[in-house]
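Below, each chain spelled out in residue letters.
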Amino acid sequence: MANSDSAFRRWLRGEVDLSAELRTAEMPAPPEEARYQPRHHTAMIHMIFRQSHRLYVALVAVLCAVLFTVLLLTAANLPAYGDGEAPTNNEVSERYVNQGVAETGAVNAVAGLILDYRAFDTLGESFVLFTALCAVTILMSRGRRKHPLPMETDYADYYADPIVHTMCKVIIPVILVFGVYVLVNGHLSPGGGFSGGAILSSALIIYAMVWGDERAHGAIRERAIRRTAALALGFYVVSKTYSFYTGANGLHSVISPGVPGRIFSAGLILPLNVAVGLVVCCTMYSFYMFFRRGEL
Amino acid sequence: MAAMFDHLLHNYEEAAAIALLSIGFCMLLFDRNLLKKVIGLDIMDSGVFLLLADRGFIAGGKAPIMAEAAAEAERYVNPIPAGLVLTGIVVSVSVSALMLALTVRVYQTYRTLDVDHLYMLMSHRRKGGRA
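Taken in order, these protein sequences are the chains called A and B.
Residue numbers for the first sequence follow the numbering used here, beginning at 1 and rising by one.
Residue numbers for the second sequence follow the numbering used here, beginning at 1001 and rising by one.
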């Protein structure tokens, strides 16, 4: 920090010319007359900066100390840890625990909570993931750009290593089966769409890591990933719209809670878990591939 | 004051959550490296999740997986914070991915992650660095 600070200070005094550093692949060299010349207002801004750098550090230190103290005082006045009578454990959670199984058919109260009582919230959450995927795609893709983004390519060739290669052949199916188990048992046991999807995507990421980008690109198609994520989100929207519509208008619904404890029970929770899991899996794998090499 | 301190010691998990939040906040404001700012925000996130998960705990409660129907509320921990933390984790992952992608783009353009250096380069660029 001291090093950059001194460079920054020298720049503020006008001793550093950075025009040469700006010439990156995307930017042609500027002509001589367009080089940086300090002007009056920039000189003033630099003076303010010079004066305010220490002030900024002092203010931030005070801000952090005040925030820490206030939050700590708040924590000291919170109800005791593990107190069942605390205001957070109110009639809402009692309702979820007492009548959740009868109303949603899900043995796992958290699954019933996030995919039945608060399914709209979870839909928004899935859309947040999908939007992040779109944004990362826009920011990281190098498809039609004139200057391809320089990417480092010197990584280990895991495929040539017999130990890694053989172990991955054994372990990837196990991870996939475990992921599917967590996914479809979400209403019966801990787990569900988000954790199951993350486990599934970890298997895909191991595959892409060891077998290399090219084979992963051939085996897991970009279009398939996009379609799966979009279809899963679409299924979520359509099925939950039906469920909300019948529920709000008191109509007869074909979705029933079923017998709690069975695998085909809990109405929409099982298919919704699968849909959410697919979205999470596709998003995580796409994040990995985009940060790995700039395209799916 | 002493009673308050004792209470804080009993609520040590909340104190730890607040320490995490403060560490992340200091990192966000003090560190000059963009990547470390992203890490600081993630540390702040984990502090919030720890606090939320703590608030839902009920002493002696089990995980809310109902073995039989019509269970008593006192025997299970509060399921609501678990759902909220789940939402929070997903949003935190999305935000981290977005910020990291932006950081990668910044680095590809300016070849630096130091905010002071970036400010210098960006003001040069505004002054006609691009021909």
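Keep in mind that a hint or two might mislead.
A few chain B residues facing chain A, derived, Cβ under 10 Å [claimed, not checked]:
#, residue
1, Val1038
2, Ser1046
3, Ala1082
Every beta carbon over 12 Å from chain B, so not counted as near; a handful from chain A, in silico [stated by the list, open to error]:
#, residue
4, Asp157
5, Val237
6, Thr241
These aren't lab readings, by the way, just hints derived from the structure by calculation.
Predicted model, so just to flag it, every value in this text is computed and none were measured.
The beta carbon of each residue, even a glycine, is placed where N, CA and C say it ideally should be.
Checking against the hints above, which ones are violated? 1 and 2
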